[in-house]
Amino acid sequence: MTPDPILTLRDVSVRLGGRKGFLQRTVLPVQAVKQVSLDLRSGEILSLVGESGCGKTTLGRTILGLQRESEGEILLEGRRVSGLTPEAARRARSIVQYSHQDAGAALDPWWSIGRTLEEGLRIHGVRNASERRDRVASMLQAVGLDPTSARRYPHEFSGGQLRRLALARILLLQPRVLILDEPTSGLDMSVQATVLNLLLELRETFSLTYLFISHDLSVVERLSDRVAIMYLGRIVELGTANTVFGHPTHPYTRTLLAAAPRLSGRRASGPSLVRGDPPNPRLVLPGCSFFDRCPIGVPACQEAAPKLQPVATGHEVACHRADVEEKQGLAVGQTASIGAKRRA
Amino acid sequence: MIPVLSVRGLKVSIRTDEGRAEILDDIGLTLERGRILGVVGESGCGKSTLIRSIMGILPRAATVDGGEVWFEGENLLAFSEAELNDGVRSSRIGFIPQDPLLALNPVFKVGTQMLEIMRWHAPPDGLRGAARQRAHVGRLVGLLKRMQVPDPETALERYPHQFSGGQRQRLLIAAALACAPGLVIADEPTTALDVTTQHQILLLLRELVAEFGISLLFVTHDFGVVAELCDDLCVIYAGQTVEAGPVQAILDAPSHPYTRALLACHPDRATTFLGIPGSVPSPLARPPGCLFAPRCGDARALCLAARPPQGQARSGAEVRCVQFT
Numbered sequence: 277m278t279p280d281p282i283l284t285l286r287d288v289s290v291r292l293g294g295r296k297g298f299l300q301r302t303v304l305p306v307q308a309v310k311q312v313s314l315d316l317r318s319g320e321i322l323s324l325v326g327e328s329g330c331g332k333t334t335l336g337r338t339i340l341g342l343q344r345e346s347e348g349e350i351l352l353e354g355r356r357v358s359g360l361t362p363e364a365a366r367r368a369r370s371i372v373q374y375s376h377q378d379a380g381a382a383l384d385p386w387w388s389i390g391r392t393l394e395e396g397l398r399i400h401g402v403r404n405a406s407e408r409r410d411r412v413a414s415m416l417q418a419v420g421l422d423p424t425s426a427r428r429y430p431h432e433f434s435g436g437q438l439r440r441l442a443l444a445r446i447l448l449l450q451p452r453v454l455i456l457d458e459p460t461s462g463l464d465m466s467v468q469a470t471v472l473n474l475l476l477e478l479r480e481t482f483s484l485t486y487l488f489i490s491h492d493l494s495v496v497e498r499l500s501d502r503v504a505i506m507y508l509g510r511i512v513e514l515g516t517a518n519t520v521f522g523h524p525t526h527p528y529t530r531t532l533l534a535a536a537p538r539l540s541g542r543r544a545s546g547p548s549l550v551r552g553d554p555p556n557p558r559l560v561l562p563g564c565s566f567f568d569r570c571p572i573g574v575p576a577c578q579e580a581a582p583k584l585q586p587v588a589t590g591h592e593v594a595c596h597r598a599d600v601e602e603k604q605g606l607a608v609g610q611t612a613s614i615g616a617k618r619r620a
Numbered sequence: 338m339i340p341v342l343s344v345r346g347l348k349v350s351i352r353t354d355e356g357r358a359e360i361l362d363d364i365g366l367t368l369e370r371g372r373i374l375g376v377v378g379e380s381g382c383g384k385s386t387l388i389r390s391i392m393g394i395l396p397r398a399a400t401v402d403g404g405e406v407w408f409e410g411e412n413l414l415a416f417s418e419a420e421l422n423d424g425v426r427s428s429r430i431g432f433i434p435q436d437p438l439l440a441l442n443p444v445f446k447v448g449t450q451m452l453e454i455m456r457w458h459a460p461p462d463g464l465r466g467a468a469r470q471r472a473h474v475g476r477l478v479g480l481l482k483r484m485q486v487p488d489p490e491t492a493l494e495r496y497p498h499q500f501s502g503g504q505r506q507r508l509l510i511a512a513a514l515a516c517a518p519g520l521v522i523a524d525e526p527t528t529a530l531d532v533t534t535q536h537q538i539l540l541l542l543r544e545l546v547a548e549f550g551i552s553l554l555f556v557t558h559d560f561g562v563v564a565e566l567c568d569d570l571c572v573i574y575a576g577q578t579v580e581a582g583p584v585q586a587i588l589d590a591p592s593h594p595y596t597r598a599l600l601a602c603h604p605d606r607a608t609t610f611l612g613i614p615g616s617v618p619s620p621l622a623r624p625p626g627c628l629f630a631p632r633c634g635d636a637r638a639l640c641l642a643a644r645p646p647q648g649q650a651r652s653g654a655e656v657r658c659v660q661f662t
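From first to last, the protein sequence lines are chains A and B.
Every position in the first sequence, counted from 1, becomes a number in the working numbering once 276 is added.
Every position in the second sequence, counted from 1, becomes a number in the working numbering once 337 is added.
No lab work stands behind these hints, which were simulated from the structure alone.
Any given hint might turn out to be false.
Claimed, not checked - Partial list, derived from the structure: chain B residues whose beta carbon lies under 8 Å from chain A:
| no. | residue |
| --- | --- |
| 1 | G346 |
| 2 | P434 |
| 3 | D436 |
| 4 | H536 |
| 5 | T608 |
Claimed, not checked - Over the 12 Å line for every Cβ pair with chain B, so calculated as not near, a few chain A residues:
| no. | residue |
| --- | --- |
| 6 | S289 |
| 7 | Y429 |
| 8 | G462 |
| 9 | D464 |
| 10 | V495 |
Stated by the list, open to error - Restricting the straight-line Cα-Cα distance to at most 25 Å, the calculated cross-link-like pairs of lysine to any residue (SDA-like) are:
| no. | chain 1 | residue 1 | chain 2 | residue 2 |
| --- | --- | --- | --- | --- |
| 11 | B | K446 | B | H458 |
| 12 | B | K446 | B | N422 |
| 13 | B | K482 | A | N404 |
| 14 | B | K446 | A | P575 |
| 15 | A | K583 | A | A534 |
| 16 | B | K348 | B | V401 |
C-beta: ideal position from N, C-alpha, C; glycine also.
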């Protein structure tokens, strides 16, 4: 039996922008997230994977409440949190916390670590100063830093230590769900390993649930229970890490897995599986958004956008041609010209 | 055959307020003609300083304290600034930078910027003035076509912001190749790119090495990229070459304790995410012995006493560790 979802998204869409821009030029709105439905189960690590501009950070910010969903609803622990007043929404969503991509930028350079960490507690109503200090000290220890770090300033810490501080800051607020936005980007491999190890430890200690936003497939494969692959605002494949990495079914997932540099080193050679650049999210075309770059697309794919459909237990794919075998699909040659014609 | 690039015992230090920082301390590497050499190291290990020493663009506070940089049979460290500028940089050594947006001036057309490089550095072709410029435009358009930049004819008339990240990197690869250099140095050229774009750029680089007869020095911190792209590998730790040899041999059987520890941290290999204990020694106070000894599980008394000599591992790699002497 799968545990109850702690967080549920139902057909959530997010539109960004759409206004008169500089010199009265109209800026078209971007449909950054399109009809995303997702369950985050208590205690799991769900990874959100995609290239830049695919909407993974926007989705994270929407769950947190920093960005309003334009359609759909979000449920936290079974309670609806969409459409509440800002104040009520903030209270309801306080069990969700977000760790920024750039941990150093999230800390005030003029404030000591202790002051920064205590601020969250003060806002959340911990009046007693010595209690605040004690909680900060024990949290610093929990993330593997010396409690005396509270007297130091952000510039005195290395990249890996800053990630630890950022985690300490949000864990003080006793969240149950952490949205980790690229928690290891820009870190050296040895430091990355220690941060990942810490994340796994903290999950046990504080019974946390992680939404892990990343584009590093090696890390995602090792860390996640389930993986959601995003392309242009939609989830195109969702399943356990083993199924998605073992039997990638959506052509985009296959492309992504084939392109990721791995230690086993397939050697960069042979024809590229990938064509073209990641597309412009402002460009809205009917039908499947991956069609332009898809090696197995057929003209019918341009007519309707595919919906996430189960292909096996715990494995859903949004592709009209999900049943087409990988090899057979890649041999289809004429699709290249179709894609090229459509772009032109 | 002499290697295209051979760095021997290079030592570089930088004056700081706190004293002399030894950034490079005995770096050695060899790049054979037509090969791709990956230089891997964590941040602060001296990768950028190494590139700058080779191209002669070290900051003013830095001094070269020893060693040699042999490029096509000449010691570049003996060259004057003018000689490097007129006869080496861009013309014989091309450079692909890490961030394609920072490397292009936003207010000039890309054609203007690329033609300027050729005007100063392209080898003489007997043409002058407008005829030479036309020849350069022709070569650039041909290169852009090869780099699969869309609409290569009009691309030169566009500005950097009109290109995507991947296309900008293609422009800069074309710029690096514009004057037909024998050696191209790439400084993490794909870190700013998405995986699918990165894959395309890596494929392109691999094809170009064979097609243009260049040799490529590829600096990165990503072992995955090295495994896909490079022929040879040179692992740097705290300004020293600790292991160098063929990529496959080192990935299959890493010998130096640092290489082993680093590869064990890679998510594709890691059994547990423990990292490497301790931290890199400060360049201001390097220990007398092996620089990795304080973090090494196999360190003995001997390791702490003196710098280990170069040895040979069974994999064929050169290793700086007492276990292999």
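Outcome of the hint check:
1. G346: Result: violated, 26 Å to nearest chain A Cβ.
2. P434: B:P434 check fails; min Cβ-Cβ to chain A is 18 Å, beyond 8 Å.
3. D436: Violated, because the Cβ-Cβ distance from B:D436 to chain A comes to roughly 13 Å (cut-off 8 Å).
4. H536: holds (4 Å)
5. T608: violated (10 Å)
6. S289: The claim stands: A:S289 keeps its Cβ more than 12 Å from every Cβ of chain B (closest is about 23 Å).
7. Y429: Label holds. Min Cβ-Cβ 19 Å, cutoff 12 Å.
8. G462: violated (9 Å)
9. D464: violated (4 Å)
10. V495: violated (5 Å)
11. B:K446 - B:H458: holds (19 Å)
12. B:K446 - B:N422: With Cα atoms ~24 Å apart, B:K446 and B:N422 stay inside 25 Å; holds.
13. B:K482 - A:N404: violated (68 Å)
14. B:K446 - A:P575: Violated, at roughly 39 Å.
15. A:K583 - A:A534: Distance of about 24 Å is within 25 Å: holds.
16. B:K348 - B:V401: Holds. B:K348 to B:V401 sits at ~6 Å (cutoff 25 Å).
Of the numbered hints listed earlier, those contradicted by the structure are 1, 2, 3, 5, 8, 9, 10, 13, 14.
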